[in-house]
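K.L.:
Residue numbers (numbering that gives the first Met the number 0), protein chains in the order written: chain A, 0 to 277; chain B, 0 to 252.
A portion of the hints provided could be inaccurate.
What the hints assert, rightly or not - The calculated lysine-lysine pairs, modelled on DSS-like cross-linking and capped at a C-alpha distance of 25 Å, are:
id	chain 1	residue 1	chain 2	residue 2
1	A	168	A	185
2	A	69	B	181
3	B	186	A	75
4	B	5	A	11
5	B	145	B	63
6	A	137	B	207
7	A	227	A	185
8	B	207	A	11
9	A	69	B	6
10	A	185	A	224
11	A	75	B	56
12	A	137	B	204
13	A	75	B	185
14	A	102	B	186
15	A	252	A	227
16	B	56	A	11
17	B	185	A	102
18	B	181	A	102
19	A	219	A	178
20	A	18	A	227
21	B	186	A	137
22	B	181	A	11
23	A	69	B	186
Quick caveat, the hints were computed from the structure, so don't treat them as lab data.
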Amino acid sequence: MICVDNLCYQYKNGIRVLKDISFSIDKGEFVALIGRNGSGKTTLLKHLNGLLKPTQGRVTVNGLDTSNTKTSLLAKHVGFLFQNPDHQIFCSTVYDEIAFGLKNTGVNSNDIDRLVTRSARRVGIEQCLELNPFSLSKGQRQRVALASVLAMETEILVLDEPTTGQDYKEGIEIMEIIKDLNCSGKTVIMVTHDMELVARYARRVIILQDGTVLEDGQTKSVLGKTEKLALANLQPPQIYMLARKFHKNGMFKNVYTVEEMYEEIISYLEGEVNVCNG
Amino acid sequence: MVEYIKKDSFIHRLNPMTKIAWTLAVLAMCFIFDSPFAILLILLSNMAAAAVGGIFKNILPVIKGLFVFSLLLILFQIFLVTDGRTLFYAIPYFNMGRVTDVGLQLSITMSLRMLATVSTIPILMMTTPMTDIAAVLVEKFKIPFKYAFMFITALRFIPTFIGEMEQILQAQMSRGYSSDTKNPFKKLIIIIPLAIPLLVSSVKKAEKTAISMEVRGFGSGPRSHYRRIGMSNADYAVLAFFLVCIAVSLMVS
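Looking at chain B on its own, in the form it has when it is part of the complex:
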């Protein structure tokens, strides 16, 4: 699960804006460079940022998951490129599945680029409370509060649903329900006793939430904000550092 991990690190203390700027800076730099080594370096810098934020251990499983995905990406890409020198064939006997040096480099670059750009998001989410991200999105990026709120609420309901699912599973198991079957068709049918109660209770919950928000005046007029998140000197310094990085990478590449 990617959720906020409370710590008091340098990364945690930065303004959410700065961290959003970081994800954009990483994104920009990943597309400025074409060399897999440069992008690998960016990916390593992401890991370093996670380490500074004290969430290195928590980010590893996420990276692992993304890595599997990136391998798939390589697999899909690698046979589609026909330029360049042939390195080997995937099925040598029939000369099928030609892999070229250009194809190999291109697909590795692509998957590294995916890893480097996507891995910033969980780092951002683990070091920044959702409410702070939303506050910044509303105040600085002028996103309507309703949308920001919708987003936070959706995320905040995930653990609730997991708990609910557990309860439902237990209730059905108590009535002799068993979920272990190897038949894939049965697996589809077997989900019904779990899915329907979850759906019904989720809709009910959403309705209750909406009503309880409405009776407390949600959407009745201009909002005030309790928390103001300011920019510190560290934020400006980090932002300046990003600009320098982008400028340098533009010059180098």
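Chain A with its partners taken away, still in its complex shape:
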């Protein structure tokens, strides 16, 4: 579905940001892209919908070569959520803002109405449709931006820190929406610094370091590699750090989230109870 082949990218000022990156992402994957600030994450994302064109190498999305396909055309395949919602909001109502992308891609007016209402309901801003987006809070504006991406019903969602400006609960809500979309078959590629979210939602993790792929694999196997994570200024989730302390006692070998820890403890306690009763 997405194929990145020996991608190199150099900014006009000569700085090489991406160096020989290769990977492919299949339909329905949930990939977290992590790495320290300035490692090239956003630059890489911008190649996925042709905002940036490779200096060398090739990026194909749904068989379209991004270097000779316009971004406005790729927009039908790739939905892209930016870090800062204020870079896109310009309409006087939330409704128009969400409908903007649909109008651009030539969706007819009946469908626009249905899609706008649906995506607004999905992110929980259906009561704001007639409000001016500039009067909303930062967190709500981020949701408006997310809704405007979701409305376009693209198969691929590219999200650059989707939970910025949200508090913990709102962040989880957004991630649950994204998880549902992923379950319904959409491919998700997400940049985040929140390792708890990575452990909880992503099934695959790519670590970028100085413009190269440092690690690419299943979430659990990547999170276990603490040294590599440390290279990228990252730390595994705290619950994993705790579980690791018990590894030498032969416990919690496969624990990366609070839920998994809970399950393990419960089954352990149940075992104890059985021993006592027996």
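Since the structure of chain A is provided, determine the placement of chain B on it from the hints.
P.N.:
Only chain B this time, still in chain A's reference frame:
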């Protein structure tokens, strides 16, 4: 873009005052002389100054832009002068658009004068940090600091806005926005998705800047200056040279 280019040349080391005096001296001399050749000479001396400052390559595109403007100036001027001998008609068959020798000389002089006087400004800006110009304006020319600061801040925000514009364009393109249309009316409408976010974010940015300056005590009392920019012997020598140039040109013309 006309912005400061860091180098260590003779021109860079001169006091900003001296360089401002230079722009004024060039201005004065351009109006003392009426001959296009003399003004061309002044223009060439400007280029020589740019070369000494090591910014000749950077100044060329600016001069090119100004040159187009000066051609327009000639075009507007040349038909308005009726004195002198007729050289030719722009539309010969109808005898329309008479061009006289006086008109030709006058309009060429005008446009050269514009080129010579205006081209000093980018040379000044490329060889002098904005903060130094502002410091001199405040200290020596007694311009209120607030105004000088306003001026520098406005200039310093230009690259920020260009970056912001790029981000906004990308965000809209990701939503299927396309800016290529040949219809001029559509072009006006098509700018809205870019202009409004830029306007909003600029106002927000300006507000944040104002607040962050205020919490650090901007405008609370008399200021002290960290940098003192002194006059060197070279500065005095150059200033004396300007005076001689002006005196000589007064005598010659």
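K.L.:
Each hint needs a verdict: does it hold in this structure or not?
P.N.:
Tested hints:
1. A/168 x A/185: Holds, because 23 Å separates the two Cα atoms, which is no more than 25 Å.
2. A/69 x B/181: holds (17 Å)
3. B/186 x A/75: Holds, at roughly 23 Å.
4. B/5 x A/11: holds (20 Å)
5. B/145 x B/63: violated (34 Å)
6. A/137 x B/207: holds (15 Å)
7. A/227 x A/185: Given that 25 Å is the threshold and the Cα spacing comes to 29 Å, the pair is violated.
8. B/207 x A/11: Violated, at about 30 Å.
9. A/69 x B/6: violated (41 Å)
10. A/185 x A/224: violated (28 Å)
11. A/75 x B/56: Violated, at roughly 44 Å.
12. A/137 x B/204: With Cα atoms ~15 Å apart, residue 137 of chain A and residue 204 of chain B stay inside 25 Å; holds.
13. A/75 x B/185: Roughly 22 Å separates the two Cα atoms, so the pair holds.
14. A/102 x B/186: holds (17 Å)
15. A/252 x A/227: holds (19 Å)
16. B/56 x A/11: holds (19 Å)
17. B/185 x A/102: holds (15 Å)
18. B/181 x A/102: holds (19 Å)
19. A/219 x A/178: OK: residue 219 of chain A and residue 178 of chain A at ~17 Å, within 25 Å.
20. A/18 x A/227: Given pair residue 18 of chain A, residue 227 of chain A holds - Cα atoms ~18 Å apart, limit 25 Å.
21. B/186 x A/137: violated (31 Å)
22. B/181 x A/11: violated (28 Å)
23. A/69 x B/186: Given pair residue 69 of chain A, residue 186 of chain B holds - Cα atoms ~19 Å apart, limit 25 Å.
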